[in-house]
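Sequences listed follow chains A and B, in order.
Each residue of the first sequence is one higher than the one before, starting from -14 at the first, in our numbering.
Each residue of the second sequence is one higher than the one before, starting from 25 at the first, in our numbering.
Watch out, some of these pointers could steer you wrong.
[Claimed, not checked] Estimated spans, in silico, between C-beta atoms of each pair:
# : chain 1 : residue 1 : chain 2 : residue 2 : range
1 : A       : Gly24     : B       : Glu83     : 24 to 32 angstroms
2 : A       : Ser(-9)   : B       : Glu80     : 43 to 51 angstroms
3 : B       : Leu108    : A       : Gln64     : 14 to 22 angstroms
[Unchecked claim] With a Cα cut of at most 30 angstroms, we get these calculated DSS-like pairs of lysine-lysine:
#  : chain 1 : residue 1 : chain 2 : residue 2
4  : A       : Lys11     : A       : Lys22
5  : A       : Lys11     : A       : Lys52
6  : A       : Lys44     : A       : Lys22
7  : A       : Lys95     : A       : Lys11
8  : B       : Lys102    : A       : Lys53
9  : A       : Lys11     : A       : Lys35
10 : B       : Lys81     : A       : Lys22
11 : B       : Lys102    : B       : Lys66
12 : A       : Lys22     : B       : Lys107
13 : B       : Lys107    : A       : Lys52
14 : A       : Lys52     : B       : Lys81
15 : A       : Lys52     : A       : Lys95
16 : A       : Lys53     : B       : Lys107
17 : A       : Lys11     : B       : Lys66
18 : A       : Lys35     : A       : Lys52
19 : A       : Lys35     : B       : Lys81
20 : B       : Lys107    : B       : Lys66
21 : B       : Lys66     : A       : Lys22
22 : A       : Lys53     : A       : Lys35
23 : B       : Lys81     : B       : Lys102
24 : A       : Lys95     : A       : Lys35
25 : B       : Lys102    : A       : Lys22
26 : A       : Lys35     : B       : Lys107
27 : A       : Lys44     : B       : Lys66
28 : B       : Lys107    : B       : Lys81
29 : A       : Lys95     : B       : Lys107
30 : B       : Lys81     : B       : Lys66
31 : A       : Lys22     : A       : Lys35
32 : B       : Lys102    : A       : Lys44
These are calculated hints, taken from the structure and not from any lab test.
The C-beta atom is built at its ideal place from N, Cα and C for all residues, glycine as well.
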Amino acid sequence: QQPVQSPQAVILREGEDAVINCSSSKALYSVHWYRQKHGEAPVFLMILLKGGEQKGHEKISASFNEKKQQSSLYLTASQLSYSGTYFCGTGANNAGNMLTFGGGTRLMVKP
Amino acid sequence: EPEVTQTPSHQVTQMGQEVILRCVPISNHLYFYWYRQILGQKVEFLVSFYNNEISEKSEIFDDQFSVERPDGSNFTLKIRSTKLEDSAMYFCASRRGGNSNQPQHFGDGTRLSIL
């Protein structure tokens, strides 16, 4: 069953913050975040493993709440280059074979 | 930085024809994947491949699909008799090791158009 992402779309002004959520109805082992620009391949951002960790990558960070089976991606002081569609991919076990992707969140950052 | 490469970038094929999509994973990676993305929709898992065999496949990956690693570098996806609904972007991905803390790196994709 695919994870549910929210919101589906968000428009920001440069410098504003955003939060993208990814929720699953089943137990997760890992959450993988990717950004995809139109017509391009998904680009890896970060992985979070169960255990409730939080990670950061420049002004983009994420958390994984194991109890809620939810991960959140935080974009702070957004830049024009952050525009794209953000997908979360969930892994159900440590074998980490297939990723089940959410429907994506389309983010547009305007000047 | 090493990357996953896919060829061709765009393939146009008549319905019912066979098509082979090619991928060269990152050289020291051991796990390989195919995903597809229908225009405007989410990325969907097709199949994973390790140690010269399929380790997992989705319900999309039916008898019309097959994968092969014919030599030490290429990883191919074959669709035997294409249908209109096979039109999509097909992404190959590879991962270095067996743990979930290792990312899957995606190629730029092959856009498959079935006429």
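How the hints compare with the structure:
| no. | hint | verdict |
| --- | --- | --- |
| 1 | A/Gly24 - B/Glu83: 24 to 32 angstroms | holds, 27 angstroms |
| 2 | A/Ser(-9) - B/Glu80: 43 to 51 angstroms | violated, 28 angstroms |
| 3 | B/Leu108 - A/Gln64: 14 to 22 angstroms | violated, 40 angstroms |
| 4 | A/Lys11 - A/Lys22 | holds, 29 angstroms |
| 5 | A/Lys11 - A/Lys52 | holds, 11 angstroms |
| 6 | A/Lys44 - A/Lys22 | holds, 18 angstroms |
| 7 | A/Lys95 - A/Lys11 | violated, 36 angstroms |
| 8 | B/Lys102 - A/Lys53 | violated, 40 angstroms |
| 9 | A/Lys11 - A/Lys35 | holds, 13 angstroms |
| 10 | B/Lys81 - A/Lys22 | holds, 27 angstroms |
| 11 | B/Lys102 - B/Lys66 | holds, 22 angstroms |
| 12 | A/Lys22 - B/Lys107 | holds, 27 angstroms |
| 13 | B/Lys107 - A/Lys52 | violated, 42 angstroms |
| 14 | A/Lys52 - B/Lys81 | holds, 28 angstroms |
| 15 | A/Lys52 - A/Lys95 | violated, 35 angstroms |
| 16 | A/Lys53 - B/Lys107 | violated, 40 angstroms |
| 17 | A/Lys11 - B/Lys66 | holds, 19 angstroms |
| 18 | A/Lys35 - A/Lys52 | holds, 9 angstroms |
| 19 | A/Lys35 - B/Lys81 | holds, 24 angstroms |
| 20 | B/Lys107 - B/Lys66 | holds, 20 angstroms |
| 21 | B/Lys66 - A/Lys22 | holds, 13 angstroms |
| 22 | A/Lys53 - A/Lys35 | holds, 11 angstroms |
| 23 | B/Lys81 - B/Lys102 | holds, 14 angstroms |
| 24 | A/Lys95 - A/Lys35 | violated, 34 angstroms |
| 25 | B/Lys102 - A/Lys22 | holds, 27 angstroms |
| 26 | A/Lys35 - B/Lys107 | violated, 40 angstroms |
| 27 | A/Lys44 - B/Lys66 | holds, 25 angstroms |
| 28 | B/Lys107 - B/Lys81 | holds, 19 angstroms |
| 29 | A/Lys95 - B/Lys107 | violated, 40 angstroms |
| 30 | B/Lys81 - B/Lys66 | holds, 17 angstroms |
| 31 | A/Lys22 - A/Lys35 | holds, 28 angstroms |
| 32 | B/Lys102 - A/Lys44 | violated, 41 angstroms |
Hints 2, 3, 7, 8, 13, 15, 16, 24, 26, 29 and 32 from the list above are not met by this structure, while the remaining hints are.
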